[in-house]
Amino acid sequence: MLEFIQQMINGLSLGAIYALIALGYTMVYGIIKLINFAHGDIMMVGAFVGYFSLTLFGTNIIVAMVFSMVVCAVLGVLIEKIAYRPLRNSTRIAALITAIGVSLFLEYATIFILGPAQKVFPEAAFKIKAYNIAGLSILNKDVFVIISAVVLMLILQYIIKWTKTGKAMRAVSLDMEAAVLMGISVDKTISITFAIGSALAAAAGVMYGVYYSTVNPLMGIIPGLKAFVAAVLGGIGIIPGAMAGGFIMGLLETMVSGYGNSLYRDAVAFGVLILILLIKPTGLFGKDSGEKV
Amino acid sequence: MSLIEIQNLYKSFGGLSAVQDFNFRLDKGELVGLIGPNGAGKTTVFNLITGVYKPDKGSIIFNEKNIAGMPPYTICARGIARTFQNIRLFNDLTVLDNVKIAAHKDVPYGLLTSILRTPSFFKGEAMIEQEAMKYLEIFKLADKKDELAKNLPYGEQRRLEIARALATKPTLLILDEPAAGMNPNETKKLMELIEWIRKDFDLSILLIEHDMSLVMGVCERIYVLDYGSIIAEGLPVEIRNNKKVIEAYLGEEVE
Amino acid sequence: MQEYKNNWARFCGEVLILAALFTLVQYLITAGLLDQYYQINLTSMFINIILAVSLNLINGFTGQLSLGHAGFMAVGAYTSVILTQMLGQPFIVGLIVACMVSALAGFIIGVPTLRLKGDYLAIATLAFGEIIRVILQNIDYVNGPAGILGITKMTTWPWLFGATILTIVVIVNLINSSYGRAIISVREDEVASELMGVNTTTYKVLAFVFGAMFAGLAGALYAHFFYIIKPETFNFLKSFDILVMVVLGGLGSTTGAIIAAVFITALTAALQAFPAIRMILYALILIIVMIFRPQGLMGNKELSRQTFGKIWSGRK
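Here the protein sequences line up with chains A, U and Y, keeping their order.
Everything in the first sequence is counted per the working numbering, starting at 5 for the first residue and increasing by one.
Everything in the second sequence is counted per the working numbering, starting at 57 for the first residue and increasing by one.
Everything in the third sequence is counted per the working numbering, starting at 44 for the first residue and increasing by one.
By construction, these hints were calculated from the structure, which means they are not laboratory data.
Don't be surprised by glycine CBs; every beta carbon is placed ideally from N, CA and C.
Heads up, some of the hints might be wrong.
[Claimed, not checked] Interface residues of chain A toward chain Y, partial, derived using beta-carbon atoms under 10 angstroms:
| hint | residue |
| --- | --- |
| 1 | 98 |
| 2 | 115 |
| 3 | 154 |
| 4 | 157 |
| 5 | 158 |
| 6 | 161 |
| 7 | 217 |
| 8 | 268 |
| 9 | 273 |
| 10 | 277 |
| 11 | 278 |
| 12 | 288 |
| 13 | 290 |
[Stated by the list, open to error] Straight-line alpha carbon distances no greater than 35 angstroms define the calculated DSBU-like cross-link-like pairs of lysine-lysine that follow:
| hint | chain 1 | residue 1 | chain 2 | residue 2 |
| --- | --- | --- | --- | --- |
| 14 | U | 113 | Y | 160 |
| 15 | Y | 160 | U | 161 |
| 16 | U | 299 | U | 200 |
| 17 | U | 225 | Y | 273 |
| 18 | Y | 160 | A | 123 |
| 19 | A | 284 | U | 255 |
| 20 | U | 225 | U | 299 |
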């Protein structure tokens with residue numbers, strides 16, 4: 005039983021990281037119907053920026069995370085402006101292919117500049133402590149990850165529900181043309197969406213570095229894919245769906261890895277994806293809307 | 057004996073009811089019109105007949121067989137063809153190829169033959185080309201046969217769409233706002249074309265139109281649709297004077 | 044009659060040119076004038092041509108974005124190796140069975156997946172490609188992640204040349220037929236195509252199966268030249284490699300796919316020492332082509348006899 009709860013906590017931490025990344029996917033898809041292939045790699049950049057913040061500038065972990073979020077927010081906005089905006093009126097396939105290009109670019113430009121080897125997060129930045137509660141050994145890194153993620157998600161919910169920006173984001177994702185007619189600056193709204201999504205991914209990247217202590221240029225690929233599956237599972241374009249999906253994927257993976265065959269751990273994500281797409285592509289929280297002919 | 061008979065047709069999208077209790081009849085050789093305000097559900101009815109949507113309830117009896125819920129390509133093979141409100145040509149294919157597609161359901165050679173290029177392939181292709189050119193010539197598009205469909209002027213695109221639909225050798229032709237975007241002169245020519253193809257190809261025709269001169273001019277019977285239900289049905293002169301129709305759609309005459 | 048004579052004359056001319064090309068290269072190889080480096084790149088080039096032309100059938104002509112092509116290549120590679128190395132069959136049997144099995148894989152994956160549209164289809168094919176890789180990684184019979192080494196070299200120039208010509212001819216003949224028109228109509232407007240009597244699902248699956256079959260052929264040829272195969276060889280990066288070729292050449296042009304395959308192979312050879320730069324270039328190709336010239340090099344035009352004729356006679 006204790007073992008099970010331990011696994012659950014691991015699953016929640018992992019799920020928190022996936023949820024943060026999944027939010028970026030779902031927000032961007034909701035607003036411009038693009039699967040941002042490069043999103044996982046933004047998480048990677050976030051992790052690296054966090055790493056350099058800790059090692060080069062010797063900041064503490066919170067400052068590193070905030071700094072990383074700002075840098076990646078800017079990066080996300082730049083990418084949207086340069087690579088995705090020109091294709092806003094093209095087919096979704098064209099945009100998807102371009103996103104693949106951006107993803108490859110981020111990965112291999114990082115390899116080119118920093119080399120393919122992994123970097124290790126300094127231990128001093130986050131001394132691992134274990135709390136003993138009711139016979140469970142809870143690590144402070146789990147607490148850090150889960151609490152930070154929840155805080156960020158709450159902030160996001162606030163932005164979406166209570167600010168003008170959030171309202172604009174919801175309007176544009178429902179009907180871009182009508183939003184323009186209402187005087188909403190669609191370009192600005194889309195930029196902000198990318199900024200927020202990228203910032204969340206960056207936070208996830210720093211958390212990943214704290215949790216797994218190593219970062220490498222290709223680290224964004226697999227978590228990115230799993231977070232994408234999480235977003236689809238919850239219902240792509242639906243924010244609470246991404247949160248739920250993220251935690252579900254985290255728990256699922258931990259269970260499979262802990263109790264099943266860890267060789268198939270990665271394949272679980274692919275399997276889940278195929279199942280969702282074939283059974284209910286709109287996801288857990290999604291609604292079915294037919295195509296108008 | 058009616059060619060097509062629709063009974064108790066219902067279709068909803070999510071919570072929105074698009075078509076309710078739709079009943080309709082068209083006899084062989086008739087030219088019937090379906091009119092109504094925008095959003096009344098006219099194109100939805102067309103989509104239901106041609107298999108793009110599956111009805112929630114009801115039957116569509118065509119040539120004594122219930123075709124409700126069949127896939128579009130089967131319904132086409134059974135003899136119903138259509139054109140679209142916003143022209144849907146195969147833009148990057150030539151005018152000739154657009155019409156040749158219509159022949160595919162009866163393709164005279166097999167897959168293996170086309171890969172191996174046996175003589176029956178060349179004979180088959182020649183036949184398909186001949187047939188397609190026949191239609192192009194009828195619709196005065198023969199000189200543009202190698203032009204890409206997207207490069208044609210609007211009026212010729214509409215003609216090509218009708219030609220392509222006719223090339224599937226239908227018994228029932230469904231036209232969705234064929235006069236959209238046309239000036240009165242072009243509309244008059246279209247009316248003549250519709251009458252002519254009806255006679256020459258022995259067709260029954262069902263059309264949606266907003267242009268009342270065309271509707272009143274060619275239709276033998278008219279159904280009026282509003283909010284997914286039929287509010288009136290009858291001869292053009294009856295419809296013109298029907299109070300409900302005037303209220304919902306045609307508008308009062310200015311005194 | 045004159046038209047018939049012209050066609051026949053042109054056909055003979057083309058056959059002669061191909062025969063000359065074949066003989067030339069064969070001579071260079073037999074005379075030992077083509078060293079290891081050139082042979083490797085020549086083989087890669089022709090395998091890439093088969094991969095690009097077959098992917099173009101799915102992505103370009105049918106308009107269905109498939110990102111899992113490497114998975115079918117893997118199926119073909121492993122199948123052929125099992126047959127020749129473990130079951131002692133001759134090469135031709137290995138090739139034929141590889142084609143059949145990858146075609147079957149294309150069918151099994153295609154039928155459920157091709158119900159999806161656009162980017163959902165793309166992601167599903169990507170996922171299936173990875174699933175194939177993971178499955179292979181976990182099968183002990185083929186050594187899992189370590190893969191199979193020491194595969195007998197059976198891919199000689201005649202096999203390579205023949206397979207490539209076969210692929211191109213089959214696909215070109217398919218496209219220039221009523222079946223090809225049906226396939227292209229699916230790309231142009233799926234709804235209109237269905238309403239004109241085309242069973243679009245059948246044709247999407249057909250294109251997918253043919254594409255998968257030739258990818259399997261390419262995989263079999265690859266395995267029997269480069270003597271090692273492991274699941275990692277056929278990952279999504281390989282699928283992206285092929286995608287870059289098809290995008291660059293022009294989605295919907297077989298000629299474009301061939302030219303791009305040649306170009307990318309040359310680029311890969313030139314940048315062998317700088318793999319990161321090569322990938323950065325691929326990334327830039329994808330981005331720049333999609334933004335500035337989405338129709339790629341050739342658009343959907345082919346270098347046809349008519350074009351050649353006009354070039355020769357200097358007419359416009």
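Evaluation of the provided hints:
For residue 98 of chain A, the suggested interface contact is upheld, since its CB lies about 5 angstroms from the closest CB of chain Y, less than 10 angstroms. Annotation: residue 115 of chain A was flagged as interfacial toward chain Y, and the flag holds, the nearest CB pair being 5 angstroms apart, inside 10 angstroms. Below 10 angstroms, beta-carbon pairs count as interface contacts, and residue 154 of chain A has none with chain Y, the closest being about 29 angstroms; its hint is therefore violated. At about 25 angstroms, the closest approach between the beta carbon of residue 157 of chain A and any beta carbon in chain Y exceeds 10 angstroms, and the interface hint on this residue is violated.
Interface hint at residue 158 of chain A: violated, since its Cβ lies 30 angstroms from the closest Cβ of chain Y, which is beyond the 10 angstroms cut-off. Residue-level restraint check for residue 161 of chain A is violated (minimum Cβ-Cβ distance to chain Y is 27 angstroms; threshold 10 angstroms). For residue 217 of chain A, the interface hint is violated, the least distance from its beta-carbon to any beta-carbon of chain Y being 25 angstroms, above 10 angstroms. For residue 268 of chain A, the suggested interface contact is upheld, since its CB lies about 7 angstroms from the closest CB of chain Y, less than 10 angstroms.
With a least beta-carbon distance of about 8 angstroms to chain Y, the hint placing residue 273 of chain A at the interface is held under the 10 angstroms criterion. Hint on residue 277 of chain A holds. Least Cβ distance to chain Y is approximately 5 angstroms, under the 10 angstroms limit. Hint status for residue 278 of chain A relative to chain Y: holds, with the closest Cβ pair at about 6 angstroms, below 10 angstroms. Annotation: interface hint on residue 288 of chain A violated; nearest CB of chain Y at approximately 16 angstroms, more than 10 angstroms.
At its closest, the beta carbon of residue 290 of chain A sits 12 angstroms from a beta carbon of chain Y; the interface hint therefore is violated under the 10 angstroms criterion. Between the alpha carbons of residue 113 of chain U and residue 160 of chain Y the distance comes to roughly 27 angstroms, so the proposed pair stays at or under 35 angstroms and holds. The straight-line distance between the Cα atoms of residue 160 of chain Y and residue 161 of chain U is roughly 24 angstroms, inside the 35 angstroms bound, and the hint therefore holds. Under the criterion of a C-alpha separation no larger than 35 angstroms, the hint pairing residue 299 of chain U with residue 200 of chain U is inconsistent with the structure, at around 48 angstroms.
Distance check on the hinted pair: residue 225 of chain U and residue 273 of chain Y sit about 54 angstroms apart at the alpha-carbon level, beyond 35 angstroms; violated. Under the criterion of a C-alpha separation no larger than 35 angstroms, the hint pairing residue 160 of chain Y with residue 123 of chain A is inconsistent with the structure, at around 40 angstroms. Our distance criterion of 35 angstroms between C-alpha atoms is broken by residue 284 of chain A and residue 255 of chain U, whose separation comes to about 49 angstroms. A hinted pair counts as satisfied when its Cα atoms are at most 35 angstroms apart, and residue 225 of chain U with residue 299 of chain U does not qualify at roughly 39 angstroms.
Checked against the numbered hints listed earlier, the structure breaks hints 3, 4, 5, 6, 7, 12, 13, 16, 17, 18, 19 and 20; every other hint is satisfied.
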